[in-house]
Structure formats: C-alpha cells, structure tokens
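With chain A held as given, fit chain B onto it using these hints.
So the sequences go chain by chain: A and B. So the first sequence is numbered by my numbering: it starts at 1 and just counts up by one. So the second sequence is numbered by my numbering: it starts at 315 and just counts up by one.
Calculated from the structure, these hints are not laboratory results. Just to be clear, a hint being listed does not mean it is correct.
Unchecked claim - Reference listing, derived: stretches of chain A covered by chain B, where coverage requires no fewer than 3 residues with Cβ under 8 Å from a Cβ of chain B:
| # | region |
| --- | --- |
| 1 | 141 to 153 |
| 2 | 182 to 192 |
| 3 | 226 to 233 |
C-beta atoms are modelled at their ideal positions from N, C-alpha and C, and glycine is treated no differently.
Listed below, chain by chain, are the residues.
Protein chains: 2
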Amino acid sequence: MNIALDMMGGDFAPLEAVKGLQLYLSADSGAATIFCIGNETQLQQLLQEHNIANDYIKVIHAPEVIGYHESPTKALKEKPNSSISIGFHLLASGKVDAFISAGNTGAMLVGTMYTIKAIEGVLRPTISTVVPQLSGKTGLLLDVGMNLDCKPEQLNQFAILGSLYSQHVLNVENPRVGLLNVGEEEGKGNALLQSTYPLLKENSKINFIGNVEGRDIFNDKVDVTVCDGYTGNVILKLAETVYDIAVHRNVGNDEYFHRFHYENYGGTPVLGVAKPVIIGHGISNDKAFMNMIVTATKMIESDLCNKIKESFTA
Amino acid sequence: MNIALDMMGGDFAPLEAVKGLQLYLSADSGAATIFCIGNETQLQQLLQEHNIANDYIKVIHAPEVIGYHESPTKALKEKPNSSISIGFHLLASGKVDAFISAGNTGAMLVGTMYTIKAIEGVLRPTISTVVPQLSGKTGLLLDVGMNLDCKPEQLNQFAILGSLYSQHVLNVENPRVGLLNVGEEEGKGNALLQSTYPLLKENSKINFIGNVEGRDIFNDKVDVTVCDGYTGNVILKLAETVYDIAVHRNVGNDEYFHRFHYENYGGTPVLGVAKPVIIGHGISNDKAFMNMIVTATKMIESDLCNKIKESFTA
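Next comes chain A alone, as it looks inside the complex (with noise of 0.2 Å):
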C-alpha cells in the first residue's frame, strides 16, 4: 500500500513528521511505501540525516506550502504545488491509497470535499476523536468539530460511520452505540435529541444501547458515543487537558492518563468520503506522525471506506 504524507504540515514540520517517518519503519519497515510530499532539498537532507533513504519512501517535490492563516479554498486554488494540493491530487489519482497531514486544517476539510468527496448517501461527513476508558478499551466519539448543527439524520448516520470505524479499525466487535444526553431515559433531552432517539432505536445497522451521559464516555458502558461536532469539540479539547492535568499534578507517567496525551492517537480520520484521509494536530511531533502513518494503514487494510459504501448501498 501507498500514503502520501505531508512533510510540510504541522508547527514542528518537516523534522518531527521525518522522525515519524523513522519511528514507524523502525517498528513496520515495508509495510507501506510513504510519498514524502515537501520540499525535495530539505526534505532529501533529513532523510539521510536520519538514515532512512530506502526503497520504502519515496519524495515528491512540493514548491508551495499552505500556511495555517491562509482562506483554505483561496489558498487550495492558488497554491496547486502545496504539499496538500498534491497529496490530494496523489489520492484522487489513484497513486497512493491514503493521505496524511497536520497542515492547515480548513484546507484538508475543503479539499477532502471537493477532491475526494463524500461517499454517496452520505450526507455530512465526520470527524471523530478515539476517546482512552478505564477498562484499557478505546471508545470513539463523533462528531468532533465538523458538523457544528446537526440534523437527526445526520447524527444517525454518525451512528452508522462510527461503528463501522470502531469495528474495522479499533477492532471492537459489535460496538455499542450511545447517543450523548443529560439523562438516560428515552424521551430525555431537547427537540433534536428526542428526534434522533428513534431513528436510531430502529437502525438495524447499529447496536444502539440508547442515552448516554457525560459520565460513561470515559467508561467501558459505550464503544461509539454520538453527539453534535459543537459538543464534541468541546469535550475533545477538554479530554486533551486531562494530560495536562496529570502532568501538572506530577501523574503524567500514570498508564492512563498517558492515553490522553495527543501523540497516542496523532490525528482524525475524515468518516464518510471515498477515500481516507487523516488530518494531523498542529503540534503533531513523531509519535503523531508515526500514529497518524499506523491509523492509515489500518484503514487500508481493513478496506473501511469500502464497508461504509457497502453500507450506505445497502
């Protein structure tokens, strides 16, 4: 398999995704052949810098870089040899079967939509974040920041995107499904919520388990808690804090708490569109990298965009 990944992206780049780069082929060499998009001199430099010129990787040359304040639709359209703009074009074409950045997030999200489009019947693709529990399990919960306002619908769709993402990639059979409220009774919550509860209750293509609170996301009660992208964002940002928490409070080395530290889980894969693509934290550093570089490989080997088509089609 092919991943095209973008040197460029991220406030540490292009030296920390390279250390990525060498964090994953020292633990899964041959794997994957990553196209290493960025500055050819640069990026040529570090490579052997870091003794990891093989047959395995493979540099594409990227004049242009898009900057984190850049308009994403103004800059994907001005800047076609940006790292991003041709990790896209690489991913369209057929020539690698996954792309990977931490660059400007609005321009992943604009050019996951107009270059690789989402799987039809789809209505709104997601983003989701893996969330650690207290049993060692991994939950995952979605939206986390793309879709803001959601329609019953579209979180019952979330439903569908997240267990077959928690399924194929973090391998949990027959995943559990909650749906995030302030109570657990059926009938709880406002207009949306209450619209959503059914929809839900009558997917047969999910195992719904039905409200969930605040308090069960870090528990081993729920694998794919459903909520809105503006809820989500909020509790992802505050998850991440838990490290900082445990650090502040001198538990950082502690098993669990650890899982909360970014790195473990490096970046979001884009749910719903025909091909994967992962969009990286801005401070990725090389566990992200390697991390973001292993979730990519997962989703091409468990052929999950293919199961959601399958599942969208039927």
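Quick look at chain B alone, frame taken from chain A:
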C-alpha cells in the same frame, strides 16, 4: 439568617443530612438557624443521637416526601405537605432566606419557577457548576442542564448571572467571561455562537474576554464560561468522573483531583430567581449537605438575589 433544609431529599436522607448539619454546626455554629424539614419523630431521634438539638435547629414536620420518580408538577400539587412543598412555602412566605434540597430535581426546578419565580427581566433562570481550576481558583460554568436549547439573549443573561455569582459568592474580582466555542477567533462557531458573541462584546455589565475552548475550562484563563445547557450538562457529568478516574488510578487523594469530588461543592444554586434555592445531588453525603448550607449562607450574606435584581433593573 434562616435556612430551610429538606432532610428527606437524597439517597441517604435523612441520616446524611443530619450528619451534614452536624459538620456545619461544628464549623460555623450560630451563623444561621436551620429549619429542618422532614419526619419529625425520625428527625428528633437522629438529632438527639448526634447531639445537635440546639437553639439553631428548628424541626418542621413534613408528613410526606416526593419520591425520585414522581412527576414533579403532579407531586407538588398532590403533596402540599411534602418536605419540598413546605420548603418552598417557608421561602416564599419569608420565614426562611434560602431553601436547600437534594430531593427530586424536577420538583425543585418546578417549585422554584412557580413559587419563587424568575426575577423581572430574566428570560430564563439557570443552573451552574463550579469548576476546579489548576491554579487553585474556582471557575463557574453555566448553563448545566436547565436550558438545553438557548437563544443568544439567554446566553447573554447567563453571562451576567454567572458574573454576579462569581463576584459575590466565589469572591472573584471582575470575573472574566468566556463564550464556549470551537475556536478562539471572533466569528467561530454556529449561528447561535456567532449571534451571541456581539451581545457579550457589547454587554457593559460583564468583562467579556472572547471565545474560549474546551481546554480552557480547567485553566486559569476564564472565570465564567457560558454555554447551552446540553453541552454544560455533558461537561458537568464528565468533570464529576475526573475524581472517579483519579480514585481508580490511585490519585484520589491528590489535592486538585479531590476538588472534582461533588461533595466539595454539594449542590447547584438556581440563578435568576427571586430567592436562594440550592439543588443537591441525589447521592449527597454529609459534606455535600454541609457545603450546600455554606453556599446558602454566602448567597444570603452577599445579598446576591438583590444584586441580580438591581442589575436587571438598571
């Protein structure tokens, strides 16, 4: 000052209420007279057993109790001699200055709205939770579940109510108000957040610092965080599990993590109504009851409700 305490509310009532009273009296005897509402025979015996029958305790007999699963409106109508009904009667008639109960939350909310009523000009009263901050300070988050869907003008009022509570009860000088959003920049968020931002910006009664994110809630960046009641409720319950997680990871005694234990704040005041009402957690223990009494005394001493009235008249 006089405070009415529903001794029959909460999973471990009346024993924990009595023990909480004992804790309060041993620390702050004489500051307030507590009207203990409940089964007189049962209460007299427990008070005697705990040696807390004194001049600062008045037992008010309530032959009925509103159960957890009773319909609030129906129960309030059919049980005028329940501890909750009597509490509201004492508060409305001016015999006491505050009312505390850990009983049926719905009955407490309905009773508050119909008996104590919203302050003129307040569109929707709100409930809040205190937030332990890493700096040692105490933040405030609202709404946490009373208003699941909100309009911009309501969020704008929550900002005023929260500021006054933060200033007068939590003793935060010139509290910084933040709007919980998915990014810091003005213009971020959905239609609700985009419409709320200018109202907060132009509101001369508050010290608005702009949008804040999930990561800022536990940091010393904002004192009063405003959001809709759905998102706030999810965060409230999620924050409560931080203590459980800490216990699970053997750091429950950590000074900071321990502040997430619900018993340390005990209950949530209803803000924007004419008199102090505090609603407790169903699982309230002795410390929770003690802290609810302490919060009630602070609300009375600071004359918070009149300060809110003045602010909404001005």
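- Broken hints, by number: Going through the list in order, the structure violates no hint and respects every one.
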